[in-house]
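Residue numbers (the working numbering), protein chains in the order written: chain A, 1 to 226; chain B, 1001 to 1191.
These are calculated hints, taken from the structure and not from any lab test. From the three backbone atoms N, C-alpha and C, an ideal C-beta is built for every residue, glycine too. Possibly wrong hints are sitting among the right ones.
Pulled a few chain B residues facing chain A out of the computed Cβ check, cut under 8 Å [unchecked claim]:
| no. | residue |
| --- | --- |
| 1 | 1038 |
| 2 | 1045 |
| 3 | 1084 |
| 4 | 1130 |
| 5 | 1172 |
| 6 | 1174 |
| 7 | 1188 |
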Amino acid sequence: MIPALMENDMRNSNEPDAREEAIRQQHQEFVKNYTVELYLLDELTQEERAQFEEHYFECEPCAEAVEAGQAFVSGIRPVKEHRVINRFWLPTSAVAATLLSIVIGQQYVIANSKGPQPNTVILARKIERGPTESAYLAKTPSVTVEVNLSGEARFAYYRMKIQSDKHYQLSQVVPAPPDESEERLSIQFARRMLGTGHFTVQLQGLESEESTNGTRLGEAYAFDLK
Amino acid sequence: MLIELSRKSNQKTVTFDDEYLSRLRSNDSETAEHFQRHFRRVAGSMLYGRFDRQTEADLVDEVLSAAIEKIMQGEPRDPSALPGYVRGICINVIKKVIRNRSREERVDLNIDRISGKWKTPEEAILERDTAEKVRRVMSVLRPRHQQILLALFFHGLRRDEVCEIYGVTRAQLRLILFHARCKFQKEWGDK
């Protein structure tokens, strides 16, 4: 991945100009190979990592890029808070209130946590394709449920209704994927919100975020959580 | 000593040579300031993610004072080897901490320090400022790219998982990060 470095050239070059030129060339190679990104993504071998560290110790632009990259990746947070609950139907208001407090608490955890939060991504499967093959074992604080929209009519927004076999339902409006080519709709929950069991997902297409009436889409999806 | 103004970053590019070392040894303020700024940054980058914030800051200080002490004693013999020399000190400091940690597992009762939340008011302001700049950059990225970066660096998914979920290659992942990082660096430039 990393170009053969001009280590010998650099060691042999006592002249500042020659050395500077060697560093400059090395810098260009590192830039061309996106080495800063490889470094941030931890995709360099130990040897390559050491070579790059040696380089940025004497190359200010690379040092600046690494420092900025580290500040950037450690500061990444969701851009806006997820609105998880639009409606929350439950058998009794008391249970609803209890669950609501759990949901809000958990949502706070997701939105405000400082470090990277482990997350499990669950791809809900179309029901017409038969029963879900295996249950997801999600022990992470958050869970992202994804639905593949291929073949569905396209809308600006979708209401995703997730029905649990424990007789409760979560509902949230999510914007359509920005690109036509993107087919996955995703929604993130605090893990404890979902509990365990069998879940079905139904979609309604909406013209706007505030629409109350939507077009029910034909496909239903399902997943199992244990 | 060659000092030139880099057009792009508007920063002085310094060549580590005899003159640089002798200026450092004679306490030239400009050179000392450069030494502190540059090596604090690179040592910080090298230590990044290995320790909590306070330990990292303490270790960077330790590296810099050890380096200065050695420089004053006439090290390194080859001035152009200065960056590598400081890096060597950095590696030794990391090794020493790891050795000590495994030898004595002490319980530190200062919770703020353990969790890395301890910071000075100045650091807190800087952190808020950086967080705001990251947020600004994230908000102008394509939503899909936002999701990918979040999955990688916020939710902590593995790279191959992210590639599989979002249908991207490692090279595309690299590019997405590159563009985001460049945007951020532009915003961050005036820090």
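> What hints, given by number in increasing order, does this structure fail?
Replying inline: 5
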